[in-house]
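Asks: Here is how the chains run, residue by residue.
2 protein chains.
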Amino acid sequence: MTKILGVIGGMGPAATVAFLARVQALTPAQGDADHIRVVMDLNPQVPDRNVRPGEAEAELGRMAERLAAAGAEVIAMPCNTAHAQAGAIRAVCAAQGLGFIDMIAATADAAVASGAKRIGVLATPGGERLYTDALAARGVEAVLLDGADREAFMARVYGVKRGDVGEAARAEILRLAQVLAEAGAEALIAGCTEVPLLLRADAAPVPVTDSAEVLAQACVGACL
Amino acid sequence: MTKILGVIGGMGPAATVAFLARVQALTPAQGDADHIRVVMDLNPQVPDRNVRPGEAEAELGRMAERLAAAGAEVIAMPCNTAHAQAGAIRAVCAAQGLGFIDMIAATADAAVASGAKRIGVLATPGGERLYTDALAARGVEAVLLDGADREAFMARVYGVKRGDVGEAARAEILRLAQVLAEAGAEALIAGCTEVPLLLRADAAPVPVTDSAEVLAQACVGACL
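Here the protein sequences come in this chain order: L and E. Under my numbering, the residue at position 36 of the first sequence is numbered 36, and the numbers go up by one with no gaps. Under my numbering, the residue at position 201 of the second sequence is numbered 201, and the numbers go up by one with no gaps.
No lab work stands behind these hints: they were computed from the structure. Where hints are given, some of them may not hold.
Take a look, some chain E residues computed to stay more than 12 angstroms from chain L by CB distance [as the list claims (entries may be wrong)]: (1) Leu98; (2) Glu167; (3) Ala183; (4) Gln217.
Quick look at which bits of chain E chain L covers, simulated, 3 or more residues with Cβ under 8 angstroms [as the list claims (entries may be wrong)]: (5) 7-13; (6) 21-35; (7) 109-120; (8) 151-164.
As the structure is a computational prediction, the values presented were derived from the model and not from experiment. Even for Gly, the Cβ is constructed at its ideal location relative to N, Cα and C.
The shape of chain L in the complex, shown without the other chains:
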């Protein structure tokens, strides 16, 4: 029996749409009816996770409750950074018997499975903290950007949110991937859902584990 997927989205909006397309692409389907039913709340007005984390967590919990009421049986949130505020979502899922797919844990597991001992992380500051801890718990060291490179990364993430996925943005993200590889990363985690909108995995200097792809695959596995 297939399950209904609940998507807590909007962080950002384009990344959520790309995630939905990915879930469909990973679903073996000969027609409409073979696809997974998805209830979604694409809410671009969730309070800023960096500035107002408590309010963000409460809002994410309310979104999970509404999705549960709309029939969701498995909950996923295609935003790495917001997983730092996933506590209320987890509580709703536990109380109502819903599954919650932890994007950070699933991605860290997938990246570590490659055998790499130093893994570069392309993520927001909040995402970097989550992945550094998740990788450390698996005996792997995180390699991070710093200084101007870190600022350049965030500028490109915000650029995607304005619709900028052009060549200059792509070249810059590729350069930052190379910076991490030169700093010793044997593999990379695309740990922000905006990254795959700019970085083609097959163009990167080392193997990339794409958090959006990992989450989409986990959703298909949980719902089909």
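With chain L fixed as given, assemble chain E onto it according to the hints.
Replies: Frame of chain L, contents of chain E only:
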């Protein structure tokens, strides 16, 4: 004050995702928070609208109710054919004071505004009936495919639902657009949400009014 958009989707799944991307592309946004909040039920298991219309209508009504409960203030359904079964959705919207954007009426209005008196319709048999009536009510004659061409069109629509948006499919839809133009159509309505996944408007032999684009623009207008 912006409004929350409720999307009754899944008919088909890829067309719904393309529609969401279109709404975002038409939204003037400098960051996440400028985008429209969307609650969606992407339900690929709605009973076949051609085979079990009554069951389909009842299910679509239940989807509208759930979206209203999830906060939707304006309802849109990016599937032309299913508008023949929109009665229960209209009833829910009327009872709860929600707006329902009629994709057929909005698209017919937009197409007729060009001044064309004979308009070709690329749509499923159910969609053809809706557009023939809508155009007639506006004093315009619908030009339709027939015979093998009509079957070829439906084969390509079902192909999209299997993921086939390749070159052969695109060439075939372009050929069918030319058939309608040669039969006297001065303009075309892409009256099935799968069509724009195959037909580039700027490649068509006559001006194309894309129902998905019209609906997305109407949603942005209603929600911002």
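Asks: Does each hint fit the structure? Answer for all of them.
Replies: Cross-check of the supplied hints:
Once the 12 angstroms rule is applied to beta carbons, Leu98/E is consistent with being away from chain L; the minimum gap is 16 angstroms. Annotated as non-interface, Glu167/E keeps its C-beta farther than 12 angstroms from every C-beta of chain L; the closest such distance is 19 angstroms. With a closest Cβ-Cβ approach of about 30 angstroms to chain L, Ala183/E is found to remain outside the 12 angstroms limit, as its non-interface label requires. With a closest Cβ-Cβ approach of about 17 angstroms to chain L, Gln217/E is found to remain outside the 12 angstroms limit, as its non-interface label requires.
With 4 residues having a beta carbon nearer than 8 angstroms to a beta carbon of chain L, the stretch 7-13 of chain E meets the requirement of three or more and the stated coverage holds. Counting residues of the stretch 21-35 of chain E whose CB falls under 8 angstroms from any CB of chain L gives 10; the rule of at least 3 is met. Only when three residues or more bring their CB closer than 8 angstroms to a CB of chain L does the claim for the stretch 109-120 of chain E stand; here the count is 0, and the claim is violated. Coverage of the stretch 151-164 of chain E by chain L holds [criterion: at least 3 residues with CB-CB distance below 8 angstroms; count 4].
In this structure, only the earlier hint numbered 7 is contradicted, and the remaining ones agree with it.
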